[in-house]
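Take a look at the letters that make up each chain.
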Amino acid sequence: MMRLADDPGVAAFRTEFAAFLDAHLPAEAEARERPRSSAHVPGWARRWQRTLFDHGWLLPGRPPEYGGRHATLPQQLAHLEELADRRIYHSFNPQGLGIVAASLLTFGTEEQKARWAVPILRAEITAALGMSEPEAGSDLASLRTRAVLDGDAFVVDGQKIWTSGAHDADVLLTFVRTDPDAPRHRGISALLIPTGTEGVVRRPFGSIAAEDDLDFNEVFLTGVRVPRENLVGPLNEGWRVANGSLGHERTLLWLSYAERLADLVRDAAGRGDDQEWYATLQMDLQALRLLGHRRLGPDRDPAEVSVLKLLGSEAVQNASLHALEAAGADALPHPARTGPHHHMNNEDFVSSWFERYARSFAGTIAGGTSEIQRNIIAERLLGLPR
Amino acid sequence: MEFELDDEQRLLRRTVRETVAKVRGRPEREQWATYLRLGWLEAPPLELALVLEELGYAADPSPFLATATWFVPLAGRLPEGSGTAVFDGHGRYVLDADRADEVALLTPDGVTVVPGAGLAAERIPVLDPRLHVARIRAPGELVAGVPDLALTGLAATAVGACRKVLDLVLAHVRQRVQFGRPLGSFQAVKHKAADMHVAIERARALTHFAALTIAEDDPRRTRAAHMAKAAAGECQRLVFRYGLQLFGAMGFTWENELQYALKRAQACDLLLGTASAHRKALLS
Numbered sequence: 001m002m003r004l005a006d007d008p009g010v011a012a013f014r015t016e017f018a019a020f021l022d023a024h025l026p027a028e029a030e031a032r033e034r035p036r037s038s039a040h041v042p043g044w045a046r047r048w049q050r051t052l053f054d055h056g057w058l059l060p061g062r063p064p065e066y067g068g069r070h071a072t073l074p075q076q077l078a079h080l081e082e083l084a085d086r087r088i089y090h091s092f093n094p095q096g097l098g099i100v101a102a103s104l105l106t107f108g109t110e111e112q113k114a115r116w117a118v119p120i121l122r123a124e125i126t127a128a129l130g131m132s133e134p135e136a137g138s139d140l141a142s143l144r145t146r147a148v149l150d151g152d153a154f155v156v157d158g159q160k161i162w163t164s165g166a167h168d169a170d171v172l173l174t175f176v177r178t179d180p181d182a183p184r185h186r187g188i189s190a191l192l193i194p195t196g197t198e199g200v201v202r203r204p205f206g207s208i209a210a211e212d213d214l215d216f217n218e219v220f221l222t223g224v225r226v227p228r229e230n231l232v233g234p235l236n237e238g239w240r241v242a243n244g245s246l247g248h249e250r251t252l253l254w255l256s257y258a259e260r261l262a263d264l265v266r267d268a269a270g271r272g273d274d275q276e277w278y279a280t281l282q283m284d285l286q287a288l289r290l291l292g293h294r295r296l297g298p299d300r301d302p303a304e305v306s307v308l309k310l311l312g313s314e315a316v317q318n319a320s321l322h323a324l325e326a327a328g329a330d331a332l333p334h335p336a337r338t339g340p341h342h343h344m345n346n347e348d349f350v351s352s353w354f355e356r357y358a359r360s361f362a363g364t365i366a367g368g369t370s371e372i373q374r375n376i377i378a379e380r381l382l383g384l385p386r
Numbered sequence: 001m002e003f004e005l006d007d008e009q010r011l012l013r014r015t016v017r018e019t020v021a022k023v024r025g026r027p028e029r030e031q032w033a034t035y036l037r038l039g040w041l042e043a044p045p046l047e048l049a050l051v052l053e054e055l056g057y058a059a060d061p062s063p064f065l066a067t068a069t070w071f072v073p074l075a076g077r078l079p080e081g082s083g084t085a086v087f088d089g090h091g092r093y094v095l096d097a098d099r100a101d102e103v104a105l106l107t108p109d110g111v112t113v114v115p116g117a118g119l120a121a122e123r124i125p126v127l128d129p130r131l132h133v134a135r136i137r138a139p140g141e142l143v144a145g146v147p148d149l150a151l152t153g154l155a156a157t158a159v160g161a162c163r164k165v166l167d168l169v170l171a172h173v174r175q176r177v178q179f180g181r182p183l184g185s186f187q188a189v190k191h192k193a194a195d196m197h198v199a200i201e202r203a204r205a206l207t208h209f210a211a212l213t214i215a216e217d218d219p220r221r222t223r224a225a226h227m228a229k230a231a232a233g234e235c236q237r238l239v240f241r242y243g244l245q246l247f248g249a250m251g252f253t254w255e256n257e258l259q260y261a262l263k264r265a266q267a268c269d270l271l272l273g274t275a276s277a278h279r280k281a282l283l284s
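Residue numbers (the numbering used here), protein chains in the order written: chain A, 1 to 386; chain B, 1 to 284.
Pulled out of the complex, with its shape left as it was, chain A reads as follows (with noise of 0.2 Å):
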């Protein structure tokens, strides 16, 4: 179907979400404290993202139970989309609840949702997520932090790295080896690991942005007993856990590409509207929804969402360059406010040019990289060899 109207099912629960927000947002002079990581969430934010909860805002998707209220993929869509329009976050520990509570959720145990998963969307706890290591990036399977099984404890020992906001967080949902003599994808387990248990020491460091900007953390693990009820789904089907884990991430990413686009339509207004390249800003911004939206039908290829992560990043690199370079010697100050202010929002209206260009590398590396990307479409979507 193609129309430019909603269906009228999105059309009401849109409505509905619009209300509950115009009723329940946090006033201004509550959100003062400021999130200092991925995984930091200060306590007005935490209240806010159980208000979610509570409603069956926080997940529509999932069951009442997960903070939902079985909302179809659409549905979900329309609720992203006013979040977004509004710059709200629905929470400030987004790998936590995008990531970890939503493979928990798909992979994990009854006992592992209440304990681990619902604490999480209540934002009780927070979560971050180890993944990739100094050795193991864009190839994530060549992974080598290891997991001995000893009585009914793991052993961990190795050393992930980029995982965000490990300092403030409690959990980590963490990739390790549980098998090192099956071949690399096969050998991969997830544990869940307490940030508290001895033997996890986290280092946080600063970006390019700031040194002070803490999000990225070294995690060092020597000798972490971890409960075996920890494993997250069966032993040695992590690599499934993962795609299972990124794929949620991935489906309705492309928005936060299209909110940093519709910001920048609206931020460098008045420095772009006189050049092209400020039209193409607008047309990448509309061929993202469209190409989103599309993404909805049904018997499509996953790998499509390659096409629009490829997209939705290298618009937003290309257009923050622009709008950089339209700045002149006005984007030498750093820090500095380029947008307005948002007190649902922990982004744009702290950072220079310089920096909104900077983080856009954030997109065209983490999550898999444009390279990755454009492997992906070619073998996957277009048929070339591998």
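Just so you know, these hints were derived from the structure itself, not from any lab.
Each residue gets a CB set at the ideal place from its N, CA and C atoms; glycine is no exception.
Any given hint could be a false lead.
Some but not every residue of chain B turned toward chain A, in silico, with C-beta under 7 Å [to be verified]:
(1) Phe3
(2) Gly184
(3) Ser185
(4) Glu201
From the derived model, a few chain B residues whose C-beta atoms are all more than 12 Å from chain A [claimed, not checked]:
(5) Asp6
(6) Gly25
(7) Glu141
(8) Leu166
(9) Pro182
(10) His197
Guided by the hints, dock chain B onto chain A, whose structure is given.
For chain B alone, kept in the frame of chain A given last:
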């Protein structure tokens, strides 16, 4: 918004592709008669865009594009036979003016339809050997006013031609072996192919959106048509460059089918304003 082709639209696309392949190589008049018989000229904007994509894919030689997207939106009716229109204010490069039965002219007093034979149109040899482009000597004053559908039609045609280029290139790099490996296994080749695919998807989405806004007479229709034409032009630029490059010397020959798709896409960008002109239009 809902943005997924339904089963009927998919079926139409398949039917058009099969029909065009079947009548290929027959006399132009016969091809044209087939398209008329199947009612494609009367297709609503979105379905029309799908038809045009397939005709662009085949570098179709018939006067379908000019009739459906130049004459009809200006004249407000189907022509007797084939048609075209002059809405650029001067009539220097008019699609199919040398063979159209009826021509709609945009004048200061509105639209006038005249018989094509009376315009003394002169065909101009152009880069696309199958494309008819002519200059006309206008009987009176002309004004400019390009219909949204004309821009959308060129965009859809270009998207189809670009897809043909990509399909030909993919077949080539899968089969051609150098250094003991198919060319398509090299990342330098894969990455260009992926970029072509993304550019085509982007242009196609914006073209379908433009057609949809015309179908629903949405206030965004003119902006959407500029976006579609600009995106198709940008797509053409990348697909031409990467496509011809990846095909190697074989793509540089007259015998190779690649030339028709490359040239059709290029011509669609050049007619009625290139990508840059339409980006500028979006800013005003």
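Quick rundown of the hints versus the structure:
| no. | hint | result |
| --- | --- | --- |
| 1 | Phe3 | holds, 4 Å |
| 2 | Gly184 | holds, 4 Å |
| 3 | Ser185 | holds, 4 Å |
| 4 | Glu201 | holds, 6 Å |
| 5 | Asp6 | violated, 5 Å |
| 6 | Gly25 | holds, 28 Å |
| 7 | Glu141 | holds, 32 Å |
| 8 | Leu166 | violated, 8 Å |
| 9 | Pro182 | violated, 5 Å |
| 10 | His197 | violated, 6 Å |
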